[in-house]
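Put together the whole structure using the sequences plus the hints.
Just so you know, the sequences run in chain order A and B. With this note's numbering applied, the first sequence covers 1 to 302. With this note's numbering applied, the second sequence covers 1 to 578.
Since the hints were made in silico from the structure, they are not lab data. Where a beta carbon is used, it is the ideal one built from N, C-alpha and C, also for glycine. Just to be clear, a hint being listed does not mean it is correct.
As the list claims (entries may be wrong) - Simulated pairs of lysine-lysine, DSS-like, Cα-Cα distance not exceeding 25 angstroms:
hint : chain 1 : residue 1 : chain 2 : residue 2
1    : B       : Lys55     : B       : Lys83
2    : B       : Lys47     : B       : Lys77
3    : B       : Lys544    : A       : Lys173
4    : B       : Lys559    : B       : Lys569
5    : B       : Lys559    : A       : Lys48
6    : B       : Lys367    : B       : Lys47
7    : B       : Lys489    : B       : Lys466
8    : A       : Lys56     : B       : Lys559
9    : B       : Lys55     : B       : Lys91
10   : B       : Lys119    : B       : Lys358
11   : B       : Lys550    : A       : Lys56
12   : B       : Lys306    : B       : Lys286
13   : A       : Lys72     : B       : Lys544
14   : A       : Lys48     : B       : Lys119
15   : B       : Lys550    : A       : Lys72
16   : B       : Lys117    : A       : Lys56
17   : B       : Lys573    : B       : Lys358
18   : A       : Lys48     : B       : Lys91
19   : A       : Lys59     : B       : Lys550
20   : B       : Lys91     : B       : Lys210
Unchecked claim - Computed footprint of chain B on chain A; a stretch qualifies when at least three of its residues, placed anywhere within it, have a C-beta under 8 angstroms from a C-beta of chain B:
hint : region
21   : 32-45
22   : 130-140
23   : 239-246
24   : 262-276
Residues per chain are reported as follows:
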Amino acid sequence: MAKRKGFYHYRLLFMALPFMILILLFNYMPVFGWIYSFYDYIPGIALKDCDFVGLKYFKMLFTDVNTLRVMKNTLIFAGINIILTPLPMLFAILLNEIKLSPIQKIIQTFSTIPNFISWVIVYSLAFSLFSYDGLVNAFLQIFGINIDAGNAYNVMGDSNTVYWFQSFLQLWKTLGWNAIIYLAAITGIDQELYNAARVDGAGYFRCALHITLPELSATYFVLLMLNIGNILNTGFEQYFMFKNPQTASNIEVLDLYVYRIGLESQDYSYGVAIGIMKFAISVVLLTIANKAANKIRGEYII
Amino acid sequence: MKKFIKNLITLGCIMVMMIGVLGGCSNSTKIKSDTGDLVSSTDTSEKVTITVGIKNFTDSSTYKYWPMEITKAIEDKLNIELKLINYDDQKLSIDLTSGDMCDIMCVGPEYIENVLKGKYAVNLDDYTDTLAQNIYSDRFETRNSIMRNFRSNDESKLYFTTPGELGEGEGEKYSTVMYGYVVRWDLYKEIGMPEINSGDDYIEVLKQMKKKYTETKDGLPVYAMGHYNDSGLHSWTFRGMLDLGYTNVDANCMYLVDVRKNELISNVMAEEELSPFWDDMHFYNKMYNEGLLDPDCFIEKAEDLKGKYAKGQYLGGINSWHYGDWNTNHADSDESYIILPSNMVWSGATSLGGWSDKLFFVSSHSKNKDKAIQTLDYFNSEEFARLIFSGIEGQNWENGELMNDTIAMKSDPTRTEEWGQLGLSGSYGWDSISAIGATAILKDGSMASLWNTDKVFNSSLSTTEKDMCSTFGLNYPSEIINKRVEEGKSFDQSKINSLYTACMESAPQDITRIDNNVTEIVTNAIPGLVQAADETEFNTAKEKLLSDLKAANIDTAVKWWMETYQKAKENVKEVTAE
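Given below as C-alpha cells:
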C-alpha cells in the first residue's frame with residue numbers, strides 16, 4: 001500500500017520527465033557551446049586545434065556600433081509589446097461577456113488561428129495588403145485618393161513606422177492565443193462575487209471593473225514580470241521576413257543580428273559571444289523583475 | 001480496474017513521449033576497417049549509393065522527374081544509385097563539424113581550410129593510375145596545377161576538382177542573349193527600335209514603351225523594372241557591371257574584375273567612372289525620378305519579381321531569370337521579352353581552372369571511397385560531358401549531331417514532360433557538376449554540348465525570336481552579340497584570365513567580418529541614393545555612405561583584397577610561366 005502510494009506520488013513527475021529531458025537537451029546542453037566564444041572556431045576543425053582568443057569577441061561587442069543599434073531596436077519592440085500586454089486580458093474580458101456560446105467560440109477560434117500561421121505566410125499576406133500595389137492603396141484609389149500623385153503609402157518600406165507596424169502584426173497574431181490563459185483565469189473566479197455585485201445593482205461594466213479585473217491582476221502581473229524577464233527574446237522569424245533595405249536599420253533585433261552574424265556570415269564565435277551577452281542581460285532583468293514582484297506582491301515569482 | 005487502465009494510459013503516454021524525444025537523435029553507422037579507418041568498399045562492382053552534396057542545388061529527392069534518363073544512364077554506367085543533395089551554409093557547417101558528409105562534396109573556397117585541416121578530403125594522387133585517370137588527363141593539367149599549388153594547404157597534393165573547364169578557343173556561347181537590356185519586343189518595335197548603347201538610351205526606351213502601355217489587360221499598373229533584394233548587391237549593380245565590363249569575384253559583388261584589363265576594383269570605393277555600383281546608383285536614381293521604377297523595388301524578393309513579370313507589369317530588366325511564365329505563355333505572339341546586349345556581352349569566357357567557386361572532393365569519411373572516386377572521375381570525363389549536355393548516343397545524338405526529334409522536343413510545349421524526363425543540363429543543373437564545360441571541344445571534334453551550333457540555335461526559336469532575327473538579319477538571337485563585337489560596339493569576356501581569381505587565397509575571418517558588415521551598410525544605403533530628389537541630395541547620401549564605410553574599416557578589407565589579387569596574379573604567372 002505504501003509502495004503504491006509512493007508511485008502515485010511520483011506519477012506526475014514521471015509524466016513531466018520527457019519535457020525535462022527536452023529542456024535539458026535543447027536549453028542546457030547547448031550551454032557547453034559557450035566555449036566557442038573563446039576560440040576562433042572553424043567548423044570541421046577540432047576545438048583544440050583552433051586558436052584560443054580569450055575575450056576578444058566580448059571586447060568586440062563593446063566596439064561594435066551594431067550592438068547598440070540592435071539592442072535599441074530590441075528594447076523598443078519589447079517595450080511596445082509590454083505596453084500592449086493588457087490587450088489580451090481586455091479581449092478575454094470582452095469575450096467572456098458574450099453570452100451566446102457559439103458566437104463566443106467562433107470569435108475565439110478565429111482570433112486564435114493567426115497564432116498558427118507561419119510568418120512566411122503572414123509576410124505574403126502583408127505584401128498583398130500593404131505594398132504599393134496592395135489592397136490598402138487600391139482602397140485609397142476607390143475613395144478618390146490618387147496614389148500616382150505620391151499619396152500611396154508603403155508601410156512595409158517605411159523605417160519610421162516599422163516599430164508600430166511590426167508590433168501590430170505581432171498583436172494580431174498572438175491576441176487570441178494569449179487571451180486563452182486569461183479566459184481560464186476568468187472561469188476560476190467565484191460566481192458568487194458576481195451575484196453579490198448584481199444584487200447591489202452593478203452592471204456588466206462595473207462587474208468587469210471591480211471583480212474581473214482585480215481577480216485577473218494576479219495572473220496579469222505574473223505574466224508581465226515574465227515578459228520583462230524575457231524582454232530580449234523578441235524572436236527572429238518575423239523580423240527576418242520583413243527586413244528590407246529601407247527598414248533594416250530599425251527592424252534588426254538582437255536575435256536577427258545573431259542569426260546574421262552567426263549563421264549568414266558564419267562568424268560562429270562572435271555570434272556565441274552575443275548570445276552570452278543576451279543571456280547575461282536577461283538573467284539580470286529577470287532577477288530585478290523577481291525582486292520587484294516580491295516588493296509589490298509580497299512573494300517571488302520564481 | 002479503472003485505476004489500472006488509467007495507469008496503463010499514463011505509462012503509454014510517457015513511453016510515446018520518450019520515443020518522440022529519442023526519435024530526434026540521429027544514428028549513423030560507420031564501418032571500420034582493420035586499420036581503424038572509416039572503410040570504403042574496395043569492390044567497385046558492387047552497387048552502392050553515392051551521394052553528392054552541392055550548395056544551392058536542386059535536391060534529387062524533391063525533383064519532379066528524378067531519376068531522369070540521364071541519371072539512369074549514369075547509374076548504369078557506374079553501377080550506383082546516385083543522389084544529389086542540396087546544401088546551404090548552415091547544413092554544410094553542421095556536417096563539417098560532425099564529419100557526416102556526402103560521399104562527394106562541393107564547397108566554396110571559403111571552406112578549404114575547414115576541409116583540409118579537418119582532413120576531410122581524399123588525396124586523389126593515390127589514384128592517378130587506377131580510379132582517377134580522367135581527373136589526371138591532359139585537359140586538366142592547368143587546373144590540377146592550380147589546385148595542387150593553391151588549394152592544398154601547401155601540401156602539393158590534389159584534393160579538389162572543379163566544374164566548367166574551358167580551354168583556349170572554347171569560350172562560352174549561347175543561343176539567346178541572357179544578360180543586357182530587357183525589352184518587350186512588341187512595344188520596342190512600336191517605338192521604332194532605337195539603338196541602346198548606354199543606360200540613358202535605355203531609360204529613354206523604357207519611357208517611350210511605358211507611354212504605349214500604361215497598365216496591363218487586368219488593369220494592373222506597369223513599371224519599367226523591379227529588383228530582387230535577396231541576392232545582396234547583385235540586382236543593384238549588375239547593369240553597371242555589364243555597362244563597364246566587370247565580373248564579380250565575391251558573391252556580394254563588392255569586388256569586381258575588369259574583364260579586359262584583369263584589374264580588381266572595390267565596387268564602392270573605386271572612382272565613380274570605374275565603379276558599376278555608382279554607375280547604377282545614378283542610373284536607378286534617374287529612373288526613380290522619372291517614375292519608371294517600381295515603388296516596391298526595395299522590398300521585393302525574387303518570387304515577388306517573378307509574380308509581377310508573369311502578370312506583365314514590367315517592361316524591362318537586366319536578365320532573363322525572373323520572367324516566370326510570361327514568355328512561355330506568349331510564345332506564339334510578339335509580346336515576349338527579349339534581351340539586347342549591353343556593352344559587355346556574356347560570352348567568350350574561357351576557364352582553364354574551371355569554376356573556382358565550386359570545389360569537388362571525395363570525403364575521407366565516405367563508406368564507399370573507391371566508388372566515390374570512380375564517380376568523381378566520371379564527372380571529369382568527356383563521356384559524362386557529352387551525356388549531360390547532349391543526351392544518350394543513339395537516342396538523342398549520333399555522329400556528332402543532335403537528332404531532329406531531340407531538337408524538336410525542346411521547343412515543343414506539348415512535350416514538356418518528356419523533356420523533363422530526359423533530364424539534360426538546362427532542365428537540371430548538371431553543368432555545375434561536369435568538369436568539362438558545354439562549349440569544350442571533345443576528342444571527336446564536336447562540342448560537348450551539341451546544342452551550341454548555329455544550326456540548332458536556329459531551329460528552336462519562338463515567334464518573337466524569329467521576328468527579332470528577321471528584323472535584325474540574324475540566324476539566331478545571340479548572333480547580335482557577334483555583330484556588335486565585330487562592329488566594336490560591345491566586347492566579350494575572351495580576355496579575362498579566370499586563373500587569377502582561382503588562385504586567390506580565401507579571406508580570413510576578420511576580413512570576411514568587415515566585408516559582410518560593409519555589404520549590409522551599402523545595401524541599406526541604396527534606398528537613400530536611389531530616391532534622392534536631386535544631385536545635392538544624392539551627394540549628401542553618397543558622402544554619408546562613404547563615411548559609414550570608412551568607420552566600418554572598409555579600407556582594411558580593400559587593401560587585403562588588392563594585395564591578395566596582386567599576389568595571385570604573380571603566382572599564376574610563375575605556375576603557368578606566362
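Each hint, compared with the structure:
1. B:Lys55 / B:Lys83: Since the Cα atoms of lysine 55 (chain B) and lysine 83 (chain B) sit roughly 14 angstroms apart, the hinted pair holds (cutoff 25 angstroms).
2. B:Lys47 / B:Lys77: With Cα atoms ~11 angstroms apart, lysine 47 (chain B) and lysine 77 (chain B) stay inside 25 angstroms; holds.
3. B:Lys544 / A:Lys173: Not satisfied, since the Cα-Cα distance of roughly 38 angstroms exceeds 25 angstroms.
4. B:Lys559 / B:Lys569: 16 angstroms, holds
5. B:Lys559 / A:Lys48: 31 angstroms, violated
6. B:Lys367 / B:Lys47: 13 angstroms, holds
7. B:Lys489 / B:Lys466: The given pair, whose Cα atoms are some 23 angstroms apart, holds under the 25 angstroms limit.
8. A:Lys56 / B:Lys559: The given pair, whose Cα atoms are some 23 angstroms apart, holds under the 25 angstroms limit.
9. B:Lys55 / B:Lys91: 9 angstroms, holds
10. B:Lys119 / B:Lys358: Within the cut-off at roughly 18 angstroms; holds.
11. B:Lys550 / A:Lys56: It holds: about 22 angstroms lies between the C-alpha atoms, which stays within 25 angstroms.
12. B:Lys306 / B:Lys286: 24 angstroms, holds
13. A:Lys72 / B:Lys544: 22 angstroms, holds
14. A:Lys48 / B:Lys119: 15 angstroms, holds
15. B:Lys550 / A:Lys72: Roughly 23 angstroms separates the two Cα atoms, so the pair holds.
16. B:Lys117 / A:Lys56: Answer holds: lysine 117 (chain B) to lysine 56 (chain A) is near 23 angstroms, not above 25 angstroms.
17. B:Lys573 / B:Lys358: 23 angstroms, holds
18. A:Lys48 / B:Lys91: 22 angstroms, holds
19. A:Lys59 / B:Lys550: 20 angstroms, holds
20. B:Lys91 / B:Lys210: Not satisfied, since the Cα-Cα distance of roughly 45 angstroms exceeds 25 angstroms.
21. 32-45: Check passed, 5 qualifying residues.
22. 130-140: Since 3 is at least three, the answer is holds.
23. 239-246: Holds, because 3 residues of the region 239-246 of chain A bring their Cβ atoms closer than 8 angstroms to Cβ atoms of chain B.
24. 262-276: Check passed, 7 qualifying residues.
In summary, the numbered hints that this structure violates are 3, 5 and 20.
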